[in-house]
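Here is how the chains run, residue by residue.
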Amino acid sequence: MVELSHDSRPIIGRGPPLTAYFLTLAAISVGLMVADQRYQQIDRIRESMSTVIYPVQRAVDFPFRATDWVTGSFADRSRLRQENLELTARLRLANLQLQRFAVLEEENRRLRDMRAATAGIAEKVLVASILNVDLDPFRHRVLLDMGARDGVFKGQAVLDGDGIFGQVSKVNASTAEVILISDAEHAIPVQSNRSGVRTIAVGTGDENTLSLPFVTVESDLQQGDLLLSTGMGGVFPPGYPVARVSKVKRAGSTFALVEAKPTAKLDQAREVLLIWFKEPVFEAEPPATPVIVPPATDPQAAAPAAAGPTPPRTAAPATDPASTGGDATVAAPTANPTPAATGDAAPAPAPQEGAE
Amino acid sequence: MRPMSMFARRLLYWLSMAAGLVLAIVPLPGWLDPVRPDLALLAMIYFVLTSPRIAGLGYAWLSGLFLDVLRGMVLGQHALGFLVVGYLTHKLQLRMRMFPIVQQAVIVMLLLALYHFLMFWIDGLTGHGFTGWVRWLPVLSGALLWPLVVALGDSLTRRSS
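Chains as they are written, first to last, in my numbering: chain A, 1 to 356; chain B, 1 to 161.
The following block holds chain B by itself, in its conformation from the complex (with noise of 0.2 angstroms):
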């Protein structure tokens, strides 16, 4: 099996985060819009753990603030959210891809915590705040759904070689 070229791992890198973008706003039925998981920071976790070389802070921190602009948010705010999770992933980078996925999908659940405490935070301080229990439902949903992720992710790097 050839590994992919560079090129396609960063196209491959900015069609997963254009498509987490696109989930990120398709409308849901009521019930489902809270537990929505947030594909995109995902999908960037997955490429900071596979491909460090290619996934870094830029590409992170430029995906956070279309977030920004897609959801009508305070510029940045996402922004900074995908930034310090990017950047905790790069640290902690060698030690997750030992690790067995239920272990990893702790660690993600981990980092998606801290990302909406962070969210939560900046939104209290700009004053948007939401303090139900329900904001943090995609916290869970999105530690379900990583051992899919990188299923998903897996299959799709190794089939076009």
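This is chain A alone, in the form it adopts within the complex (with noise of 0.2 angstroms):
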């Protein structure tokens, strides 16, 4: 009895059959998988990918900038002229706020300056576009129309005008995924500027609500607090605003149920800003470690701290271990000099950025 088979492929040069076909290639997606969740090389096969794959996002981008254009190039004069005062107003307020925060910056990079750690002050600022580019319902994450060409690194820090927006997760060569603050899976150290209380803020994945499950009853948050960035863990410029505290509900026994409020408008914003900043430098406050090397031979050990993802990191060659050694005997009975060295052994992440 003829059986009918149900592949019907021309029977001279079908290929393999079809279950080990299939086998074969769910065995190559299931290793892609555990190598994407692994091995960073894997980034660099959706790299090449993603520039094919380029063209179809800019083409389903295109419309909508092109509307927005046709509709901002044929915007009635008054409408503009309304929008023009409403600026102008708006700088003339911002220029008074800028006087006085000019000396105090001045000021402040002063004091950080004795320090050695001129830490979080943004040096290079890019203005990327968010792409008209739906990823996922259900995580909150959007492409940038920057990538790995224009300097862009992974986890580097992206803001908007008026707060911390998100960080860079996947760097592809003229795209970025940020992943939001507001995503689930994404949690900031945060510090009530009131009360100094630090603490965590983690994403809900909903765009206006960012929950606070490490504060005890008794701390000090209240409704209405502005959370800033501490700058913990060296992804984030420290200072900058992140959230409101939205609601505190002190009904359980041990941990308060706090939310809050994302100060950046997470799902409006059409530009966003990505930033360089340099590191800050936790190591520097107790003054001699002797653990401290000379900045040319490792970047890395003068800021563990700081375990910041960036790539660009440029580790210096390691200059001749015996030297290293020789040096860092040296260095570490004389307390002052060391401290100053860490703090320019820091902005090791693109140096060249920093020197505009």
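It is worth saying that the hints were derived from the structure and are not from the lab. Beta carbons: idealized from backbone N, C-alpha and C, even for Gly. Treat the hints with care, as some may be off.
Computed list of chain A residues with no C-beta within reach of chain B, every gap over 10 angstroms [to be verified]:
| hint | residue |
| --- | --- |
| 1 | W69 |
| 2 | D76 |
| 3 | E83 |
| 4 | N84 |
| 5 | L85 |
| 6 | A102 |
| 7 | E105 |
| 8 | E123 |
| 9 | V197 |
| 10 | P213 |
| 11 | K261 |
| 12 | T263 |
| 13 | A269 |
Once the Cα atoms are required to be at most 20 angstroms apart in a straight line, the calculated SDA-like pairs of lysine to any residue come out as [unchecked claim]:
| hint | chain 1 | residue 1 | chain 2 | residue 2 |
| --- | --- | --- | --- | --- |
| 14 | A | K247 | A | R194 |
| 15 | A | K170 | B | G127 |
| 16 | A | K154 | B | H128 |
| 17 | B | K91 | A | L18 |
| 18 | A | K265 | A | D145 |
| 19 | B | K91 | A | T19 |
| 20 | B | K91 | A | T24 |
| 21 | A | K247 | A | V202 |
| 22 | B | K91 | A | Y21 |
| 23 | B | K91 | A | L23 |
| 24 | A | K265 | B | P29 |
| 25 | A | K265 | B | P27 |
| 26 | A | K124 | A | E271 |
| 27 | A | K170 | A | D134 |
| 28 | A | K261 | A | N193 |
| 29 | A | K154 | A | V127 |
| 30 | A | K265 | A | V202 |
| 31 | B | K91 | A | P17 |
| 32 | B | K91 | A | A26 |
| 33 | A | K170 | A | L126 |
| 34 | A | K261 | A | I200 |
| 35 | A | K249 | A | P213 |
| 36 | A | K249 | A | D220 |
| 37 | A | K170 | B | H128 |
| 38 | A | K170 | B | T126 |
| 39 | B | K91 | B | S51 |
| 40 | A | K265 | A | L126 |
Join these two chains into a complex; the hints should help.
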């Protein structure tokens, strides 16, 4: 009896049996997934594929951009005038605040220089626009129109005009994926501006809420408190607004239920800022520690506390280990020069931008 | 009516796949976003049913891989989903072609449910788990859209004779 085969490919040159083919490809997929979770090398495959995909993303984005451009260029005069007036008024106000701020910043810089750590001051800012592309309805990710070509790196802080927006999670050649602070997989160390309470703000998957799960009932947090980034972890620059406490409920026995609303406009922003800054060096605070190594040898060792994921950290070629050891032993007893040395060593990420 | 040439069918397959991929990332208003049907997957099922000689597992797998890159998911996730659905469709192909359209839509719904279960499972394993019921909506919208996909596909393959 002849059995009807479901494999209707031509008998000659039909390739491997269907099931074997299926199992092979399935094994490759599983291998890819495991590799993607574990190893960095797979990013190169993704990067090369994303160059193929880039025109598709651009094509999807194009009509929206075109409409924006058209409505922008044909906007009626009165509206532009209105907008102009508003902006002028806001600029005047901002300038007024800036005058005070400039003095404060100068003073701040001087004080920080004395501590040999000019940490957390944005040195280079790039404006990137968000591509009009939906990635996944259940994850808060957006795609920027800048990538490795523009110097974007994984773990880079992303801000908008009102506060911290997120961080770069994947870098392709000409695009970069950003994970928003409201994504359920994101957490950011914060500090209350009023009371100085330090905690961690975790995304909830809702654009208007961050949750602060590790706040005890006794801790001093109130509704309306502004939460600033602390700069710990080295990803975000310290002192930028993250969220405002919107709800505090002290019902439980140990932990209070605290929610905060992000200050950045996570669902409305069209343009965001990519930031390069000097990592804070927590090491510099206790003056002399014997582990300090001269700057030329290993910048990684200089800032162990700032474990920021900054790939472009260009590790200088290690010099002769014997001389290194000699320097270290010499440096250890003399307390003062070494912290200064670490302060210089820390801004290793993106030194070329730092010079601008 | 002369049937389409093999080349034309191949071209049509890739064009509709590209269209499906574009529609997978086109911004939709918030409430519509979770309902978005997997058009690339439906197109793949349609081509496996109507022209199994060209729409093989390799095509299915590659389409899924492109979707992975496009949406920034774990590499291989959608590829595996597409592969499993493509394989099962190949297996069921002779039977499914005989079915009336409603029955076909029911089978497609089961395939979509399996696909989304697989995605859900891998999401969970890789730590992206989202457990709301909303994530199962594309199964329904996809099944409802199936007759339309068939009608569109049939008209496309016949016109260019």
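Discussion item. For each hint given before, does the structure comply? Return the numbers of the non-compliant ones in rising order.
Written reply: Of the numbered hints given earlier, the structure breaks none, since each of them holds.
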